[in-house]
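Residues per chain, in single letters:
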Amino acid sequence: EDQVTQSPEALRLQEGESSSLNCSYTVSGLRGLFWYRQDPGKGPEFLFTLYSAGEEKEKERLKATLTKKESFLHITAPKPEDSATYLCAVQPYTGGFKTIFGAGTRLFVKA
Amino acid sequence: DVKVTQSSRYLVKRTGEKVFLECVQDMDHENMFWYRQDPGLGLRLIYFSYDVKMKEKGDIPEGYSVSREKKERFSLILESASTNQTSMYLCASNTGSTNEKLFFGSGTQLSVL
Chain A
91 EDQVTQSPEA LRLQEGESSS LNCSYTVSGL RGLFWYRQDP GKGPEFLFTL
141 YSAGEEKEKE RLKATLTKKE SFLHITAPKP EDSATYLCAV QPYTGGFKTI
191 FGAGTRLFVK A
Chain B
613 DVKVTQSSRY LVKRTGEKVF LECVQDMDHE NMFWYRQDPG LGLRLIYFSY
663 DVKMKEKGDI PEGYSVSREK KERFSLILES ASTNQTSMYL CASNTGSTNE
713 KLFFGSGTQL SVL
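Residue numbers (the numbering used here), protein chains in the order written: chain A, 91 to 201; chain B, 613 to 725.
Keep in mind that the hints were calculated from the coordinates and are not lab data.
Backbone N, C-alpha and C fix where the C-beta goes; we use that ideal spot for every residue, glycine too.
Treat each hint with caution, since some may be false.
Unchecked claim - Cross-link-like lysine-lysine pairs, in silico, DSSO-like; alpha carbons within 30 Å at most: (1) Lys669/B x Lys132/A; (2) Lys615/B x Lys682/B; (3) Lys153/A x Lys683/B; (4) Lys188/A x Lys667/B; (5) Lys667/B x Lys682/B.
Said to hold, decoys possible - Simulated restraints, written as ranges between beta carbons of each label pair: (6) Leu623/B x Glu171/A: 22 to 32 Å; (7) Arg151/A x Ser718/B: 18 to 28 Å; (8) Thr116/A x Glu681/B: 29 to 39 Å.
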């Protein structure tokens, strides 16, 4: 069964304290892995797509990496405005247009 | 920018009522999706549509139906609302390509009393 597991459920950081969020996945074949950011009361917003093991993508203080079994979202020197829920999702080869989401990691960054 | 608009931000309904959630996208996208989001469970796919009048069941279609009469509009219908359908409902769209990111609306928080 295709599955996505994110850890930790919640993460509290001080401003400037770098850390990583984990996304473990099990799929029959990976078409793509996505990271989204969701602010309270809003819909998720796209951050990155990764397609193959070894790939990395960066945007400001965020860097996403991918292996054959997991992805990491590294946050370098976070600021309070980085506080949000970060969602990981996969598109398997089987299942057509389906995207399977993890439960998310809630990130709190304190000034 | 792509805009996905959900008609209501908050809704309160009674059990047994028929409920309509509306979603409109303005970028001529082929695919449209309805998800529900519950704490600890993440987003779960209810239904999706890849063309006008075409629909496919997602992972949790029971108690729901959908309608897509026009390309830009995708409606979710709760035939007889129940308390376990209290949730955040998110509409999303993308083009007909695979590997394509989703564009989400702001969500409708539905409470069924």
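Hints that the structure is at odds with (numbers, increasing): Per hint list: single violation, 3.
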